[in-house]
Every structure is written in C-alpha cells, then in structure tokens.
Amino acid sequence: MVKDFTAKDDLVLFTSGSRFTIGSVFLDQGMKSTLATFDLFIRELPRTRNYFVAAGLEHVISYLKGLRFGRKHLKWMKETGNYSEDALKYFKKFKFTGDVWAMPEGTIFFPGEPIIRITAPIIEAQLIEMFLINNVMLQTNLFSKIVRFQDAANGKEVVMGFNRSLGADVAMKSTRINKILGIKTSFALYDYLHGDKPPFSVGTFHYFLMAFPSELEAMRAYMKSTKGKGYVLVDTYDFREGLENFISAAKELERRGYRSAGIQLDSGDLYRQSIEARRRLDAAGLTYCKIFIMSNLDEWKVDRLEKRRAPADVYAGVTELLNLTDSPSLEVVYKLCEIIESGRVSPKFKLSSQKMSLPGRKQVFRRMKHGEYCSDTIGLQEERLPGKALLQPIFKSGKCIYKIPTLRELAQYFRFEKARFSERLFDVGKKSSYKVDISPGLSRLVKKMKRQRTHP
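So for the sequence shown, this note's numbering puts the first residue at 936; every next one is plus one.
None of these hints come from the bench; they were simulated from the model.
Each residue gets a CB set at the ideal place from its N, CA and C atoms; glycine is no exception.
Don't take every hint at face value.
As the list claims (entries may be wrong) - With beta-carbon atoms standing in for the labels, derived distance ranges: (1) Trp1235 / Ser1287: 31 to 41 Å; (2) His1129 / Lys1383: 49 to 59 Å; (3) Lys1365 / Ala942: 42 to 52 Å.
Stated by the list, open to error - Quick list of in silico lysine-lysine cross-link-like pairs, PhoX-like style, CA-CA up to 20 Å: (4) Lys967 / Lys1091; (5) Lys1283 / Lys1383; (6) Lys1027 / Lys1013; (7) Lys1028 / Lys967.
Using the sequences and the hints given, assemble the complete structure.
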C-alpha cells in the first residue's frame, strides 16, 4: 500500500532521526530551557536571477500551530528503542513555544538577508529546521521563477498548467502562487479544497483531435459543445491544414451566433507560425480570435518572442517553470546566531570559508530614495537604522499574533512592493544588482568575535 502522502498531523516527524538524537542530548545536558536564535536565509543568487520573492510563510504558520506528537508517534518512537523515557516524556508535552519574525510573503529580498528568524528553546528550534528549509526553498523558488515568466510576457495574458510538475506538492503550491499573481490555471483539486469556482477550460489536446475521423469534425464538435469558449490546437497533423480547418469551423460557429476564443500553437517555429496565423485569421474576418502559444516556454523564450513582436495574445507555462530548469535548487540555510542561557546572551557565528554566517539577533532595513528602494542593511535588532524593517513579528511565546492575509491581499502587497524597485531588476534578459550592506553595529560585533577567537 502506497503511503507517501503526508497527513498534517504527521508533519511533526518531518525531520531527521539525528535531530531527535541531538534533542535528547540537549535534554541529557540540562539544556531544556536554553534558548537559541536561528536565521533562515539563502546564501547566493542563481546566475540567472536578480532577486527572490519570499513565499511559504502561511504553511510555516500552519505547521508550527499544529506541532504536536500524537500517541501513534510516541508509540513508534518508543518502539525504535532510540529514546530515553525522559526524552519521550518531553516529546509527549512538546509544542512550539518560541518567537518567530519573518518577511511577509511577497517581499522581494536578496542573498544573506534573514527571511525567517526563530527564537525558541533550542530543542524546538532545531527540530523544525527541515520543514522550514524544504517549504521555503520550494515556494520561494517557484514564486521567483513564475514572476519572471509573467514579466517577460509584457502584460499579455499568462496561464499555467501543472502536468510534468515534480509531484503533487509542487502542483498544489504553484497553483497557490498563480492565484496570488492573477495567473489563470485549471486544477480541480486545488479549487475544490479551497472552495474556488470550477476551473476554466483552456482548450483542446492532441488526443482529442486524433479521436475523431477528421480534424475538422473534432474542431466542430468541440466548438459546438463549448460554444467557442476554449482554444483549439491547429498543429496536430499539419499547421496550415489545421489552421484552414479551424477557420472553417470558426466561421460555422460564427453563423450560429458564437465566437471561438482562438487557436493554440504547440510546436514548430512559433514566431513564424504566429505571424502566418494572424494574417490568415484576420483575412477570414476572425480578428477576435486570439493566438495562444505553448511548447515548453520559459521566460527567455517568451522574452525573445516579445522582442520580435510576435502576435501572441496568451502564453502558457508548465514544464520549464514548475521544474525550475535554470535553478532547481537554492542554498537555503538555517544557522544558529545566538544562545541565551540563564539570561546571558551569547552571539554565535560560523567562520567556514565562503560559508560564513552573521552573529546576533538581526533585522533587515530597506531604504528608499526618490520614491524607489535603493539599498538594504542587515543590522542588529536593537540598532536604530534608517529604512523600513522587513522582518515582522509572527509568533510570540508560541502564539500566532499575525493576521494571515488573503491571496488578494498578498497580491496587492507584492504589486505595491515590486513597483518600488527599479524596473532594471525585473529585466529578464539582463543582470542587475541591488545593494545590501552590513550595519556598523553588526560589523563591530563580527570583528569583536573574530578577535576573541584569535585571542581568547
């Protein structure tokens, strides 16, 4: 029996055995009440990107709210023989009791900047690492990629599918992002679970056209049933023949008082075919029929079509976007930056070559100049620095104090923030940088800690 779909109440086990072992060691050492602060951030930008968009916070909130070990989990843990009675007693009463600060979803951010900051008993803080990293990496990468595709379309309509995604989780989470960005998608399961309207129909598939005795009969049947609401593929057999068949079927539909949405192009030279299709459709009086272009599109392919002024009306993205082909992974890390024991605060940092982390409880301050965001500063939480603080309080002592925004509110926030950056940042074809620096207070702390390591 397949058991690879995770129930929400089982997510407490979304971690590795080594983290349970480390938690047990902390218990044995009397560190149950020791507090720790961890930063979650991304080390570097992929060479093809200029920015990230924070995503996944709502799932993190839901996860932390429901973090409990049930009887079945404790029974399994006891049967493994890996945990002491003291450890099992601790996990029986376990729940998240810490503080969380995070960038709201839809915030544009850059490498090295803390996206989420956790301050909690160290056992709790280290047990949640795996879920946070996996969840934030996937959704942030998807959001950042899909936005680029939408930008490349220059305001033209964009639709998204979910076939060829890397599993059900990617399909569900990418659909949520599409909803935020106003991208049309057709995923019945997502719409059912969220009480949305039934999915709209994009158009036909090659198998549909092949199932009829002729392509023309298939087009007639589809248009008759849908009253022309969906797009029709014209390149199943031969592009020119398919286009003429479409024109015949569309004119018949027109005589019955309906209009066809338009054609789909899925193969061949998309630019040349779109030019020819637009010419023939217009000549036939079908100026209202749109041209819907698909075929493994990514942001660069769309950008090239737009720069050549292809007469496309709609672009569809699936495979290249959902599989994040230019950068399928991000180096999302979760690093200890502070230990608090008996009220004493000890900043911590990592000094490994090219993988250094910054000490102390931090905040990100975003400055504006002439109505445009110009730079960010990573500083200490207690510093009074110019600019807007990006990390907002989400949990206080284990209680969520943050009002989760609706998808519409997230969309408004993202558009508002995006409009305050230079347009250069969103040019798909060009590399653009944004200034991120370290505050004087944080710089002094780093230097002080380096000296202490050299001369203890």
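Taking the hints in turn, this is what the structure says about them:
Hint check: tryptophan 1235 to serine 1287, Cβ distance near 35 Å, so the stated range 31 to 41 Å holds. Range check, histidine 1129 to lysine 1383: Cβ separation about 50 Å, and the 49 to 59 Å hint holds. Roughly 45 Å separates the CB atoms of lysine 1365 and alanine 942, a value that falls within the hinted 42 to 52 Å. At most 20 Å may separate the alpha-carbon atoms for a hinted pair to count; lysine 967 and lysine 1091 exceed this at roughly 55 Å.
Restraint check: the Cα-Cα separation between lysine 1283 and lysine 1383 comes to about 12 Å, which is no more than 20 Å; the hinted pair holds. A hinted pair counts as satisfied when its Cα atoms are at most 20 Å apart, and lysine 1027 with lysine 1013 qualifies at roughly 11 Å. Between the alpha carbons of lysine 1028 and lysine 967 the distance comes to roughly 13 Å, so the proposed pair stays at or under 20 Å and holds.
Checked against the numbered hints given earlier, the structure breaks only hint 4 and satisfies all the rest.
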